[in-house]
Every structure is written in structure tokens, then in C-alpha cells.
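So you can see what is in the structure, the chains are spelled out below.
There are 2 protein chains.
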Amino acid sequence: MSLTRRSFLNRVAHLGGYSAAFSTMNALGLLGNAEASALPPLSSTLGQGKSVVVLGAGIAGLVSAYELRKAGYTVSILEARNRPGGRNWSVGKGTDVVFTDGTKQSCTWEDGHYLNAGPARLPSIHKTILGYCSELGVPLEVEVNVSRSALLQSDKLNSGKPVEQRQAVYDTRGYIAELLTKSINKRALDEELSGEDSKLLLDFLAGYGDLDKKAKYHGTTRAGFVTPRGAGADQSKLHDTIPLHDLLVANFSKAEFYEDQIDWQATMFQPVGGMDRIPYAFAESLKGLIQYDCPVSEIRKTASGVRIAYKSGNESREVKADFCICTLPISVLQGIPNDFSPAMQKAFHGMPMAALYKMAWEAPRFWEKEHNIYGGISFLDQPVDLVWYPSDKMFSKTGVILSGFNAIGDEKGHLTALGKIPTMQGRLESSRNSVNLLHPGCGQHLTKPIYIEWTKVPYSIGCYANNHLDESQAAYSQLIQPEGALMLAGDYVSRIVGWQEGAALSAHKAVAHIVSMTKS
Amino acid sequence: MSLTRRSFLNRVAHLGGYSAAFSTMNALGLLGNAEASALPPLSSTLGQGKSVVVLGAGIAGLVSAYELRKAGYTVSILEARNRPGGRNWSVGKGTDVVFTDGTKQSCTWEDGHYLNAGPARLPSIHKTILGYCSELGVPLEVEVNVSRSALLQSDKLNSGKPVEQRQAVYDTRGYIAELLTKSINKRALDEELSGEDSKLLLDFLAGYGDLDKKAKYHGTTRAGFVTPRGAGADQSKLHDTIPLHDLLVANFSKAEFYEDQIDWQATMFQPVGGMDRIPYAFAESLKGLIQYDCPVSEIRKTASGVRIAYKSGNESREVKADFCICTLPISVLQGIPNDFSPAMQKAFHGMPMAALYKMAWEAPRFWEKEHNIYGGISFLDQPVDLVWYPSDKMFSKTGVILSGFNAIGDEKGHLTALGKIPTMQGRLESSRNSVNLLHPGCGQHLTKPIYIEWTKVPYSIGCYANNHLDESQAAYSQLIQPEGALMLAGDYVSRIVGWQEGAALSAHKAVAHIVSMTKS
Numbered sequence: 001m002s003l004t005r006r007s008f009l010n011r012v013a014h015l016g017g018y019s020a021a022f023s024t025m026n027a028l029g030l031l032g033n034a035e036a037s038a039l040p041p042l043s044s045t046l047g048q049g050k051s052v053v054v055l056g057a058g059i060a061g062l063v064s065a066y067e068l069r070k071a072g073y074t075v076s077i078l079e080a081r082n083r084p085g086g087r088n089w090s091v092g093k094g095t096d097v098v099f100t101d102g103t104k105q106s107c108t109w110e111d112g113h114y115l116n117a118g119p120a121r122l123p124s125i126h127k128t129i130l131g132y133c134s135e136l137g138v139p140l141e142v143e144v145n146v147s148r149s150a151l152l153q154s155d156k157l158n159s160g161k162p163v164e165q166r167q168a169v170y171d172t173r174g175y176i177a178e179l180l181t182k183s184i185n186k187r188a189l190d191e192e193l194s195g196e197d198s199k200l201l202l203d204f205l206a207g208y209g210d211l212d213k214k215a216k217y218h219g220t221t222r223a224g225f226v227t228p229r230g231a232g233a234d235q236s237k238l239h240d241t242i243p244l245h246d247l248l249v250a251n252f253s254k255a256e257f258y259e260d261q262i263d264w265q266a267t268m269f270q271p272v273g274g275m276d277r278i279p280y281a282f283a284e285s286l287k288g289l290i291q292y293d294c295p296v297s298e299i300r301k302t303a304s305g306v307r308i309a310y311k312s313g314n315e316s317r318e319v320k321a322d323f324c325i326c327t328l329p330i331s332v333l334q335g336i337p338n339d340f341s342p343a344m345q346k347a348f349h350g351m352p353m354a355a356l357y358k359m360a361w362e363a364p365r366f367w368e369k370e371h372n373i374y375g376g377i378s379f380l381d382q383p384v385d386l387v388w389y390p391s392d393k394m395f396s397k398t399g400v401i402l403s404g405f406n407a408i409g410d411e412k413g414h415l416t417a418l419g420k421i422p423t424m425q426g427r428l429e430s431s432r433n434s435v436n437l438l439h440p441g442c443g444q445h446l447t448k449p450i451y452i453e454w455t456k457v458p459y460s461i462g463c464y465a466n467n468h469l470d471e472s473q474a475a476y477s478q479l480i481q482p483e484g485a486l487m488l489a490g491d492y493v494s495r496i497v498g499w500q501e502g503a504a505l506s507a508h509k510a511v512a513h514i515v516s517m518t519k520s
Numbered sequence: 001m002s003l004t005r006r007s008f009l010n011r012v013a014h015l016g017g018y019s020a021a022f023s024t025m026n027a028l029g030l031l032g033n034a035e036a037s038a039l040p041p042l043s044s045t046l047g048q049g050k051s052v053v054v055l056g057a058g059i060a061g062l063v064s065a066y067e068l069r070k071a072g073y074t075v076s077i078l079e080a081r082n083r084p085g086g087r088n089w090s091v092g093k094g095t096d097v098v099f100t101d102g103t104k105q106s107c108t109w110e111d112g113h114y115l116n117a118g119p120a121r122l123p124s125i126h127k128t129i130l131g132y133c134s135e136l137g138v139p140l141e142v143e144v145n146v147s148r149s150a151l152l153q154s155d156k157l158n159s160g161k162p163v164e165q166r167q168a169v170y171d172t173r174g175y176i177a178e179l180l181t182k183s184i185n186k187r188a189l190d191e192e193l194s195g196e197d198s199k200l201l202l203d204f205l206a207g208y209g210d211l212d213k214k215a216k217y218h219g220t221t222r223a224g225f226v227t228p229r230g231a232g233a234d235q236s237k238l239h240d241t242i243p244l245h246d247l248l249v250a251n252f253s254k255a256e257f258y259e260d261q262i263d264w265q266a267t268m269f270q271p272v273g274g275m276d277r278i279p280y281a282f283a284e285s286l287k288g289l290i291q292y293d294c295p296v297s298e299i300r301k302t303a304s305g306v307r308i309a310y311k312s313g314n315e316s317r318e319v320k321a322d323f324c325i326c327t328l329p330i331s332v333l334q335g336i337p338n339d340f341s342p343a344m345q346k347a348f349h350g351m352p353m354a355a356l357y358k359m360a361w362e363a364p365r366f367w368e369k370e371h372n373i374y375g376g377i378s379f380l381d382q383p384v385d386l387v388w389y390p391s392d393k394m395f396s397k398t399g400v401i402l403s404g405f406n407a408i409g410d411e412k413g414h415l416t417a418l419g420k421i422p423t424m425q426g427r428l429e430s431s432r433n434s435v436n437l438l439h440p441g442c443g444q445h446l447t448k449p450i451y452i453e454w455t456k457v458p459y460s461i462g463c464y465a466n467n468h469l470d471e472s473q474a475a476y477s478q479l480i481q482p483e484g485a486l487m488l489a490g491d492y493v494s495r496i497v498g499w500q501e502g503a504a505l506s507a508h509k510a511v512a513h514i515v516s517m518t519k520s
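One line per chain: the protein sequences are A and B, in this order. Residue numbers for the first sequence follow our numbering, beginning at 1 and rising by one. Residue numbers for the second sequence follow our numbering, beginning at 1 and rising by one.
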């Protein structure tokens, strides 16, 4: 497998991780009814007289505080930024984007336009975070992750001109069905398939590939039309099929397998108005408990609990509590004096941080009227390899189009093609070029770019910890262990890293630990 | 291929029809930019002094009248029913459903709940009808046609218990990838594939099937979890793989290929509040031009145009005009005295009418909270073989679930399994049973059923004309010919039959014909 493809597949297939212990599995069961949450039912007086300080008002911190307060604990949250949400951050009109190197961008988009700089999708299988949306009354709408009218571009195919996703998907399937049919008919699979199964599979493949009566693939209506169908006598013309060789050389596997990953499968949602509607709803519920602009400067254990030092403006302050849930990223924890064990200190360095970025523009919605693309993602063989169309406010005049969402460096720290472009301006030009390759002449309509590079965002310093790598497992096993009154929460101590669901479930686990310590 | 499967594939793949003339196709082109509409740009005075009577206020009639009025023609519409839309009919609170045999149902659902008894989806490639939604200000929302959490049930698999769609889709793909890999490695395809292509294809298949390093399929996260991923140490368990033999015997091809048909591919839309928001928006624009409760009783040519006789209550009336666009279904035209040519009279009998039905219930949304199913369709191996979940008002308390949408008779008039159940009550019980098989214990929550059988709906007498059958082509070629001042419009004289897009494009063609006659 090519390195790029393997690296991509590793990244996406294992983003959530899974047990390979197939042998211990239940028999073919129903519907994953088992719950992932560690949170037991809690009485509202359980935590009376006990205090918890939560470090960080991202999803893990907010969920922790929300559940602890329900259970009667006295809760406070220290947040370094001037807003809740952490990486759940919707950039819009009036947002200042300031990087650690001092670069500043100010967003002047139309009211209501936004870029979800961090998480942008809510899978319907993420029951915990969806449950909070429901509980907090956050209105959701469908996020369209796949459009068959979205485009694929490779310099190695069709002279570099894009093709519709439906062409690549259904032409590929046609060839696969034809080739497997031939193999069966040549008796190459007699050892693997019974006569009955061969017959049934041939039958299935005829439909799977939309093969003709001789089991050949010649194109399909599924792959779409050059001249559409109309009224009266038929004038329609199908797309020419793309030769198999060209499809293979173009290597659209990233595009073809994107929608198949468990967390990116239909149906997906997004909050109406931006992903940050979730943390703001939590913050509204927790009003008065969150102290903003208060970066943590020390994390200490005491005889009876914890002591946290923090800054508020130029002032140094501290807070004591019986317990502390720390949701700061390991990249930040590395620089904060703390009383975690030496094994934990080491683990803070044991998982590389993903170096993801996003770039977005305000533009007239040319992709809708001119190209029938409503939501979904186009992919390119370019430094900026992905163009993501908005699912909000479809059919309106303008919108925010995302051109660029990937990594500037791989897990070993090597720069990607985008990462090798040295300046922000150069990367934005690359972003514009990708749109223009897909939508010729439309690159010029892109205005007011916003560039987010997570490694340069203060208090994040990276997008998420790559906890799914083999070399991360030792650190992971350490980080998930509470140390007395002190414990971590965050997506990186869950098996759904990079997703709010993981953050919420890690918070449940931390709360459950505090509850068990309260009871004992 | 099995008869059921072939019949399904014929129905869906050719519902829109297409030219098989691949040799005349353009080279691999971009994006189907060519327009399907026959409508030329028209001045607003072109039709001054000319009159057109339009028969039927369905989509074809409404579009015809709307465009003709824009071009300055004097337009009137005769409509037999007391509402616009024809088959575009949203049944909701207060709707009386009365069949030709006198059966009456009254809908008492909550305000805002509806069943789209006819068309229920707007594909994003249907630019004409989407354009009218935009022009008329009809708000649209995403219609979720596919949910990977939706279910598949077969008596031949898993003891009749349902499995998640993602299991069937990705297990099947895994086996296909593994088998094709084996064939290539056995050199069975050396004639078909170059060495380079073999290597690239093996690489692709490893990702396509999510195969292990030995190119075996052992299950995949894509197929989902029995025990979901959580925080801390991994407890998750994948579904067991479904054996290939079981998948083949269960024959889920209908479910697997549904989303692949060109008109059912993502992205799809629906008007907020019901599909009938489209005809009502047209009707609002055409206020005063539509006469309701006026069934046509005679269609006559005159020396200078047409004369149409119709009923209004007990009164017989007539209207004369220079032109007539007739959008009545052929099943209705068969019984109306008319001056169409003998060839046309014959053609009215030349295409069988599709005998489709829909059944829907009001219920608490158990499919959402308990099963993570938000929109999409589950399929069963039962007389009622499809359960379709609502895309509107997700996350609310109750909704309308459709259990049953298929045909009661095939194209030869043979009854389907559902059709063989003699009574409406029996069919509704079958509908409830299907829901209960997918969602055990939930059948009892279904209330206030509505049953629509299109062959029994007055002024429709069938769902659509099967114009895609080989035996329909002679009639089709006749029906698309205007006869002087008299011409037909409707989805059945288009290559997108059963869709509003076809109706709208047929209207454009009729208007273009009138324009050409006006100019000459």
C-alpha cells in the first residue's frame, strides 16, 4: 500500500481505535445497545460539601462541571481563554484569531457566517454529545458529509480536470464487479466459493456493478450524465467511463473511503449557527462558575486535595478543592509545574500532537447553482487536498467554503506538501488554487480568508494527541489513570480522540472516579 | 439474476431511461452543464392576445401556466380536485382520503405532521424543480435518504433479527475485496490486468475492503460496534462479521443499491412542511387562474384552437382557447371523449400504470433515541419491505413513520406479496409487523394509520405510467407528439418519469411548442 494511503487509512480507521479481540465478541448482536458512558445514576446530594476545580472549559471540562454540579458538588472552572469551548471554536464576525507567533487575523464575514475551526460534525452514533444537545436545547441540522456531485481532481486523470465523485465511485465498482465475475467464471475461486454461493455472488455482482447481460461494465446511469435527461425524445448522454487504469493511477481512495469511516457515516449533524452553540449552552447553564482569562500556572496536590495556581490579568491567585479534573492538552501540561507522578510527566511527552489546519473563505455559492453541489466534500491531488462545502444556509447568496483541512506535518513531524509552503499567504494561495481547479474561474470570488493552524493556537498547541499510534499506547495507559484527587479528562484519554464524544465520555469517567472516591 | 432483483433493478435503473448510444458520447466531459430544459428565453409580450387552457394543476400544469403567463399568454387552469398539486399531495391534519371505491380515511395527526403521499424527495441534480423552489421562495431542508444505522431484515439471516445496514454494506465489500485480491494473486486476471494495474488494484482493494496485512477480511470498524468505544481502557467490541453465504442468501441488493440510483444519490431535499408547499406556492402565484372542482368531460379541437367541456358542481361548462396543454394521466384520458388522433387514443392504453402505495403512522420517535436512526430507510424481506424514517423535525417527540412504499401489482398486473393481502386492514397490520420486526415492541406505538393506494385515488388512477418498459416505447413516441393546438405534458412524456423534474421539463417542452406556433 502506498505510504500516503496507508498513512491516511491508519489515521482515519484508528482515530477511534478498537479492540482486535474478535474471538471474545458476542454473537451477532443487535444495535450496540451497550452504553459507553461510565457515569452511574447520581443523587443530587451526593457531592454535598465536596469541591471540584475543573481546568479548562472545553467539552470535557464543561461536561465534568455540568454533571458534578447536578450531583451536588461545588464546582469551579478555570479557563485560559475569554470564551468556553476550547477547540470547539466557531470563528465569525468579530473573532480575532491570534497565533502564538503574534500573527493576528480579524474576521469580518457577514453576520451568521462561521468556520468551525475545530469539530464540525456530530455523528448520529455519538449519543452522549447528541444527548447533551437535546438536554441543553441546542438546535441541530443535518450536516451533509457526502454529495455525489462533489468533485475529484488528480493531475493524473482527465488532463487534471475534475470528475464527479459519482463517476469514480460507480466506474470503480463496475470494474471490480466485472473482474470478480470473470474470476468466478474462470473457476479461479472454486476453492473459496461453493457452487450455490458462486451463482448468488454472480447475481449480486451484476447489480453491484450494473453490468450488462454479458457481465461487462460499460457505464451506468449511476455515474451521471453529460447531457441530462429531459422531456420528449431522449437526448441524454452518459459520462464516458473512466478507464480503470486511470482511476487506479489517480488513487481516489481517500475520497472513496472517507464516508465509510464509522464516525463519518450518515447521518451527521451540526448545531444551527455553529458548533460553539454547544459550549455556549453549557456555559449558560454553568453561569457564574467559569472564570475566563485565567490560565493555570501550577497544579499541586495537598494533604486533603488539590491546590491550583492561576493568573487573572497580572494577578496570581490560587484555588483549593477536594478534587481536580484537568482537561488541559498534554502539549500545555508539559510547561506547567505540577505534582503529577514522574510516569505521568513522561506520558505528557508520549503522544505526538496532530498538526491540523483549516482555511476558509467567504464567497458567493457558485458550487450550488452552477455545480449542483450542496454540502459534501471534493478531493484533490494538491497541497490543499480537500474542499468542503457548507451545509448551512443552502440556497442563500453567500457562504463559507472550506478549502484546506488536513495536516501541515505528519505524525513523525515531517511536513506535508501544504506544510512545505512557508508562509500563510502562500498556503492561502494554495487554498484558492484548489477551488479554482475544481471550479474554474471561481477562485477569484473567494474573499476574506481565515487561516487556522492548531499548532499555533494558544492553549491548544496542536489539534489533538495522536493516541491511536502504536508508540502512543504506553503513554495512553498512563494518562487514563487517576492520581488520587487529580485526574485527566479530554478526548485524548478516550478511544474516540478528536471528537467531542470522546471528551464527554472521558468527563463521565472522571466524574465516576470522583463519585467512587466520595463514597469510599 | 433472480426475478425480484431484476425487476427491481429494471424499475430503478430505467425509471429515468437513458440512451445506450455510448459511441456518440462526448469525450469525458465536465459536469453535465448542458441544460435539459426546452424553454427558450421569452419576452413578456410574446403571447399577448393568445389564450391557453391547461388541464390539471399538478406540477406539469402549474409550470406550464406559470411560464405561459410570464410570456404574456392568457391562461386558465381546470383542476378536478379541490387543491393544486395532483400527486404532489401532503396528507395531514384535516385531510380526507377518499378512494374511488368510497373508502374514506380522515387524518387526525398533530399539526405539522404530514405524509408526502406522492413525491417526497428533491434530488439536487433536478435543477428545474429546485429552480422553481428558489424562484417561488419555498424553503427546503435536507432529506436524509441514507442512514448507515438503518436496518436490514431477512428471515434467512441472523434468525430473522435485523442487522445494521453498515454491517451488510461493509462486510460485503470486505469479502468482495478479499476474493478479488485472491483472484489477482492466483494470476486469474493476468489477461485483464497489467502488472502495474494489478499492483495498484491490490493496493486499492486493501483499503476498499479494510483487509488485514494478509489481504483477509476479518471485520472492520466501518461495520460498527456491539459495545461502543469509550474513555480509558478500551472495552469496545466490533460486530461479528456476517458470513458471506448468509449475506448472499439474504439478498440485500435492493437496500444496497437504492442509494446508488442517480435520482436517489446525496444530496436530496424536501420542502419544509411537506412537498405540497411547491404546488401551493405556484397556486399562490397563479391566484385566480385555477378553477378547482372542475373535472374535464370533453377535449375538442376547433377550427381555431380547442374547446374543453367540464363540470362545475352539477353544471356543465366549456372554455375555448387557442391552445391546450393537457396534463391528465393516460388512465384518466382513456375515459374522456376527445379529439386526439386514433394513434393517440391507442397510446393512452399503451403504457401500464404503476400500482404504488404508501402507508404511514404517527408515533413517538423510538427509532431516533433508541436506535440512532435519523432519516434513511430500513429494508425487510416481508410483504411491507421498507420503513422510511422522517427527515423533518428530528429530535422532537413524535413523527410520521412510513412503513410500506412499493407496488401492490407488478408491471404485468400480478399482485405483489402486499397486493395479495386482500384488505386495507390486513395491509396495515403487515405495515405494523414490519416496524415491529425492526424495532421489537415498538409496533404497538404506531397510531392513526393513513393508507394511500394510487390506483384508487380519483383523477390519478395509478401512480405513474411505466414509460420505461420496452413495450411502452411505441406509445411514448406517440404521446410526445403535439397534435396541433393540443399537446400533452406530465412526467410520463419525459425521461424522468415519476419525478417532478420530468413534469416540469415536459411543461417546458409544451410551452416551447406553443411559442413556436405563436411565432409561426
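Hints were generated in silico from the structure; no laboratory data involved. Hints may contain errors.
One copy or any two copies: either way a pair holds, since identical chains are not told apart in the list.
As the list claims (entries may be wrong) - The calculated lysine to any residue pairs, modelled on SDA-like cross-linking and capped at a C-alpha distance of 25 Å, are: (1) K186 <-> P40; (2) K448 <-> V98; (3) K186 <-> K199; (4) K254 <-> D212; (5) K346 <-> L39; (6) K397 <-> C133; (7) K369 <-> E135; (8) K254 <-> E411; (9) K420 <-> D101; (10) K448 <-> S159; (11) K393 <-> L140; (12) K216 <-> A38; (13) K287 <-> S316; (14) K412 <-> D392; (15) K393 <-> S134; (16) K216 <-> G273; (17) K369 <-> P41; (18) K254 <-> W264; (19) K214 <-> Q291; (20) K213 <-> Q261; (21) K214 <-> D197; (22) K182 <-> K199; (23) K213 <-> D392; (24) K213 <-> D470; (25) K412 <-> Y459; (26) K199 <-> R187; (27) K448 <-> P458; (28) K127 <-> Q235.
K213 and D392: within-copy, between-copy, both or neither at 25 Å Cα: neither (44 Å within a copy, 41 Å between copies)
Using 25 Å as the alpha-carbon threshold, which applies to K448 and P458: within, between, both, or neither? So K448 and P458 pass the 25 Å test inside one copy only (22 Å; across, 57 Å).
25 Å Cα cut-off: does K127 pair with Q235 within a copy, between copies, both or neither? between (48 Å within a copy, 17 Å between copies)
Given identical chains, is K199 near R187, meaning Cα to Cα at most 25 Å, within a copy, between copies, both, or neither? both (12 Å within a copy, 22 Å between copies)
From the Cα coordinates, with 25 Å as the cut-off, is the pair K369 and P41 best called within, between, both, or neither? Between copies, since 19 Å is at most 25 Å while 51 Å is not.
Please sort K420 with D101 into within, between, both or neither, judging by C-alpha distance up to 25 Å. within (18 Å within a copy, 74 Å between copies)
With identical chains, the pair K369 and E135 could be close in the same copy or across copies; at 25 Å between alpha carbons, which is it: within, between, both, or neither? Between copies, since 13 Å is at most 25 Å while 37 Å is not.
Classify it for me, K448 with V98: is the Cα-Cα distance of at most 25 Å met within a copy, between copies, both or neither? So K448 and V98 pass the 25 Å test inside one copy only (16 Å; across, 57 Å).
Alpha-carbon proximity between K448 and S159, which holds within one copy, between copies, both or neither at 25 Å: For K448 and S159, the Cα distance exceeds 25 Å both inside one copy (31 Å) and across copies (58 Å).
Homo-oligomer pair classification [S316, K287; C-alpha up to 25 Å]: within (23 Å within a copy, 72 Å between copies)
State whether the alpha carbon distance between K397 and C133 is at most 25 Å within one copy, between copies, both, or neither. Classified as between; 15 Å across copies, 29 Å inside a copy.
Homomeric proximity label, K254 with D212: Cα distance no greater than 25 Å: between (29 Å within a copy, 18 Å between copies)
Hint check: violations occur at hints 1, 5, 10, 12, 14, 16, 19, 23; the rest are consistent with the structure.
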